[in-house]
Amino acid sequence: MILMELLGPFAFGVAAFTVLMVAGSLLFRIADLVIQRGVSLGVVVRLFLYYLPGVVVTTIPMGSLLGALMGFGKLSSHSEIVALKACGVPFRRMVRPLVVASALASVVTFVLNETVVPLSERAARNVLAYEIMRERPPEFKERMFLREEGSSGLRRVIYMDRIRPRTGEMEGVLVQEFEGGRLSRLTSARRAVWRDGKWTMEEGKTFEVAPDGGVKFLYSFARESLRLDLSPARVEAQSTDPSQMSVFQMAEQIGLMERQGSDATKLRVMFHLRLAVPWASLVLALVGASAGVRPQRSGGAGVGLGLSVVIVFLYYVVLSFCQSLGEASYLPPVVAAWVPNLVFGVAGLFMVRRGD
7 MILMELLGPF AFGVAAFTVL MVAGSLLFRI ADLVIQRGVS LGVVVRLFLY YLPGVVVTTI
67 PMGSLLGALM GFGKLSSHSE IVALKACGVP FRRMVRPLVV ASALASVVTF VLNETVVPLS
127 ERAARNVLAY EIMRERPPEF KERMFLREEG SSGLRRVIYM DRIRPRTGEM EGVLVQEFEG
187 GRLSRLTSAR RAVWRDGKWT MEEGKTFEVA PDGGVKFLYS FARESLRLDL SPARVEAQST
247 DPSQMSVFQM AEQIGLMERQ GSDATKLRVM FHLRLAVPWA SLVLALVGAS AGVRPQRSGG
307 AGVGLGLSVV IVFLYYVVLS FCQSLGEASY LPPVVAAWVP NLVFGVAGLF MVRRGD
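Under this note's numbering, think of the first position of the sequence shown as 7, with each following residue one higher.
Derived by calculation from the structure, the hints in this document are not laboratory data. These figures come from a predicted structure and were not determined experimentally. Among these hints, one or two may not hold up.
[As the list claims (entries may be wrong)] With a straight-line cut-off of 35 Å between C-alpha atoms, the simulated DSBU-like cross-links for lysine-lysine are:
1) K204 with K222
2) K211 with K222
3) K211 with K272
4) K91 with K80
From just these sequences and the hints, can you work out the full model?
Following this line, the structure appears as structure tokens:
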């Protein structure tokens with residue numbers, strides 16, 4: 007019975023917040039493309055559909071909040087909450103179906119974030135760049151540096167003039183090897199190619215660097231293996247926007263950046279946010295259910311929607327503040343991502359206990 011009362015407001019909440027978010031940003035952007043750039047209706051519709059999954063996964067937690075708020079508010083206004091309590095059913099037992107349903111919504115949100123959203127974001131970016139802005143897909147990257155850190159510090163720095171990820175070719179490769187913080191060896195090669203799962207340098211020379219800075223020629227080579235844990239696909243992934251990555255791709259990218267000595271703090275924060283934010287459906291639903299059984303006000307759905315906007319606004323203010331602290335290294339990334347859920351979850355549980 008309780009779940010049936012929640013499904014309608016939940017669907018209404020997802021639809022209402024989706025419309026608000028689309029009308030607030032996406033429609034203006036699409037209208038600008040149609041009016042200023044003369045983009046065809048077919049391209050605009052495709053772009054809208056590609057962006058829609060990203061909007062929906064954002065509004066599912068909001069819909070969970072509004073569904074709980076309005077559903078329990080309706081039960082309270084019809085005195086069904088009082089009747090259930092009179093029958094010996096505590097409020098915490100009444101919210102059990104809500105907890106199960108909102109946890110399922112959180113899982114669905116996470117799955118969509120990992121499967122549909124990265125693909126749709128990538129498709130939208132391609133349509134915007136190559137069909138609307140008429141850009142050409144990049145064939146190569148220039149002047150790339152890769153660092154490898156070891157337990158004793160910097161191990162290697164690899165520089166390349168140009169790399170073509172799609173064909174698996176590097177040009178102008180220079181490998182600098184370090185021992186105890188000192189440059190000990192230099193290897194230069196005209197090119198390197200990706201074959202059989204490894205990089206092979208071609209037409210190169212190797213030099214030894216003495217402690218006093220002197221350089222001694224060691225040997226030339228036609229082909230020599232390059233120990234580099236970086237496939238062409240991973241080179242392309244380095245320039246991928248995090249919104250187009252799954253959590254597994256993010257974890258792989260974080261490991262690669264840290265091995266190269268790069269600062270991966272921001273990506274770590276985004277990684278933990280990707281895990282934490284879907285569970286906003288659960289914590290906000292608890293807050294909404296407890297707020298819904300409070301003394302009723304006139305206004306119905308309008309008041310419920312307005313109160314939901316206020317609660318969601320507070321949640322995202324806390325989330326943005328913690329994210330900034332995490333990216334600035336004032337908070338560990340995992341703490342920065344999960345604090346909003348912890349704060350609102352504790353508040354929701356406290357309100358549920360008071361509802362008994």
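Hints, verified against the model:
The suggested pairing of K204 with K222 holds, with an alpha-carbon distance near 28 Å, which does not exceed 35 Å. With a CA separation close to 11 Å, the supplied pair K211 and K222 stays within the 35 Å bound. With a CA separation close to 38 Å, the supplied pair K211 and K272 exceeds the 35 Å bound. Straight-line distance between C-alpha atoms of K91 and K80 comes to about 16 Å, which keeps the hinted pair within the 35 Å bound.
The structure fails to meet hint 3 from the earlier list, while all remaining hints are met.
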